[in-house]
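If you want the building blocks of each chain, they are given just below.
Number of protein chains: 2
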Amino acid sequence: MNIDVIISANHINEEYLKNKIVVVIDMLRATSVIATAINNGAKEVIPILTVEEALKKKEELKANGIEALLGGERKAVKIDGFDFTNSPLEYTKEKIEGKTIILTTTNGTRAINLSKKAKKILIASMLNARAVVDALKNEKEDIIFINAGTNGEFSMDDYICSGYMISLLCRETCCNLSDISKTAKIIYENNINIIDFIKEAKHYNILKSLNLENDLYYCIKKDIIKIVPYFNKYKNSIEK
Amino acid sequence: MNIDVIISANHINEEYLKNKIVVVIDMLRATSVIATAINNGAKEVIPILTVEEALKKKEELKANGIEALLGGERKAVKIDGFDFTNSPLEYTKEKIEGKTIILTTTNGTRAINLSKKAKKILIASMLNARAVVDALKNEKEDIIFINAGTNGEFSMDDYICSGYMISLLCRETCCNLSDISKTAKIIYENNINIIDFIKEAKHYNILKSLNLENDLYYCIKKDIIKIVPYFNKYKNSIEK
Numbered sequence: 001m002n003i004d005v006i007i008s009a010n011h012i013n014e015e016y017l018k019n020k021i022v023v024v025i026d027m028l029r030a031t032s033v034i035a036t037a038i039n040n041g042a043k044e045v046i047p048i049l050t051v052e053e054a055l056k057k058k059e060e061l062k063a064n065g066i067e068a069l070l071g072g073e074r075k076a077v078k079i080d081g082f083d084f085t086n087s088p089l090e091y092t093k094e095k096i097e098g099k100t101i102i103l104t105t106t107n108g109t110r111a112i113n114l115s116k117k118a119k120k121i122l123i124a125s126m127l128n129a130r131a132v133v134d135a136l137k138n139e140k141e142d143i144i145f146i147n148a149g150t151n152g153e154f155s156m157d158d159y160i161c162s163g164y165m166i167s168l169l170c171r172e173t174c175c176n177l178s179d180i181s182k183t184a185k186i187i188y189e190n191n192i193n194i195i196d197f198i199k200e201a202k203h204y205n206i207l208k209s210l211n212l213e214n215d216l217y218y219c220i221k222k223d224i225i226k227i228v229p230y231f232n233k234y235k236n237s238i239e240k
Numbered sequence: 001m002n003i004d005v006i007i008s009a010n011h012i013n014e015e016y017l018k019n020k021i022v023v024v025i026d027m028l029r030a031t032s033v034i035a036t037a038i039n040n041g042a043k044e045v046i047p048i049l050t051v052e053e054a055l056k057k058k059e060e061l062k063a064n065g066i067e068a069l070l071g072g073e074r075k076a077v078k079i080d081g082f083d084f085t086n087s088p089l090e091y092t093k094e095k096i097e098g099k100t101i102i103l104t105t106t107n108g109t110r111a112i113n114l115s116k117k118a119k120k121i122l123i124a125s126m127l128n129a130r131a132v133v134d135a136l137k138n139e140k141e142d143i144i145f146i147n148a149g150t151n152g153e154f155s156m157d158d159y160i161c162s163g164y165m166i167s168l169l170c171r172e173t174c175c176n177l178s179d180i181s182k183t184a185k186i187i188y189e190n191n192i193n194i195i196d197f198i199k200e201a202k203h204y205n206i207l208k209s210l211n212l213e214n215d216l217y218y219c220i221k222k223d224i225i226k227i228v229p230y231f232n233k234y235k236n237s238i239e240k
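Respectively, the protein sequence lines represent chains L and R.
Number 75 in our numbering belongs to position 75 of the first sequence; there are no gaps in the numbering.
Number 11 in our numbering belongs to position 11 of the second sequence; there are no gaps in the numbering.
Hint data in this document are derived by calculation from the structure and do not stem from the laboratory.
Honestly, I wouldn't trust all of these hints.
Chain copies aren't distinguished; within one or between two, either way the pair holds.
Distance condition first, Cα-Cα at most 30 Å in a straight line; then the derived DSS-like pairs of lysine-lysine [unchecked claim]: (1) LYS75 to LYS202; (2) LYS199 to LYS140; (3) LYS140 to LYS202; (4) LYS116 to LYS221; (5) LYS99 to LYS226; (6) LYS202 to LYS119; (7) LYS235 to LYS18.
All chains should be modelled from the sequences, with the hints used to inform the complete structure.
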């Protein structure tokens, strides 16, 4: 299989994704939130681009008898009137089991929304990386790892997370890697203790400055979640 | 100074380059050709996008009494009627001293032509990396390393070449690196024997399959050229 990496939501060419399997990564923190929420029993996560649309969606669902919860961030901080921030640690089983969550985040939601032409969209983070690789290894189509990035820019954390999955996948099956995929694999294999690498990342340091270190320690854990959330294009929501 | 890397000519946003210092890298092989040709005494190198424009430019110069030489490649091979290919080893002092060279290459020329809004455009390769860093270290403006890439894609060779220069520059002056710049620096510092890294590159393997190994061994040499060619926007040509 051919493997490629797109380094930021800004670089997504939607036509390029047609008939391909897309793996969206925004490990700090949208895709870690989604993996955690679905793993803890959320019924679905609906990714929404703007705060206004998120509030409108909540009203729409309410009119249909569904009491959705609102989660998300702008510039890494909580949105007024929302139930959750973008901290995966808030999405506990007690709070979200069986619930519909409407999530709006700066980078991750945007990457998911720009990937809708793909054949399949999987949601990945360090937390569920091995499970994603297990889901990918028997695929016939080309695989594109989309790094959400930070404000349209390359983000070290998403890149090494891609490298981890590419490294695992190459052990399982024959992969034809683009230069950017090979480089991601090398970055991971040269920096297996990923904290030493991502502590240099701009996004990591923004979160650290906001006292979100517990989130950081959680999001870099490898393979503690065994499920793969995927985006259901027909329902516009993410499910197990 | 702020330092950023653009990973392919396809990703150049011309407005972003305004008032910045751009360093164009196409180490396999356009910028290695330019550094070699200027170092061996060529009067100037005129980068041209298409073969047709190159032939027209030669006629124009001839009408003004200048006998220019034609160099370049398409898909890494020679162009009919041209004096040189894109092999830096052909650009010897005997053949090019005092001459004007019209150069058309797939990736490098395109990157130079898309960089014209920058304040300055320097031409870099492994061959003259240290000289480029010496020219940059006292600059006040932001610095953007533009990787020409290969057919619009990220190329490992250009990226590690950026990483080498960023690594040198950080030893000379205080640098604020974007995530993609930091990653380039780490890639270089983890792979100082760069041949082990770039032998994985698609572009390297294309050249190897064309029996251009001598070019490859030459282009990975560090710091054998002490000059910095720069693009003169007013003359549309590259000079010392």
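Consistency of the hints with the structure:
{"no.": "1", "hint": "LYS75 to LYS202", "verdict": "within (13 Å within a copy, 38 Å between copies)"}
{"no.": "2", "hint": "LYS199 to LYS140", "verdict": "between (36 Å within a copy, 27 Å between copies)"}
{"no.": "3", "hint": "LYS140 to LYS202", "verdict": "between (36 Å within a copy, 22 Å between copies)"}
{"no.": "4", "hint": "LYS116 to LYS221", "verdict": "within (28 Å within a copy, 45 Å between copies)"}
{"no.": "5", "hint": "LYS99 to LYS226", "verdict": "within (20 Å within a copy, 65 Å between copies)"}
{"no.": "6", "hint": "LYS202 to LYS119", "verdict": "between (32 Å within a copy, 27 Å between copies)"}
{"no.": "7", "hint": "LYS235 to LYS18", "verdict": "within (19 Å within a copy, 44 Å between copies)"}
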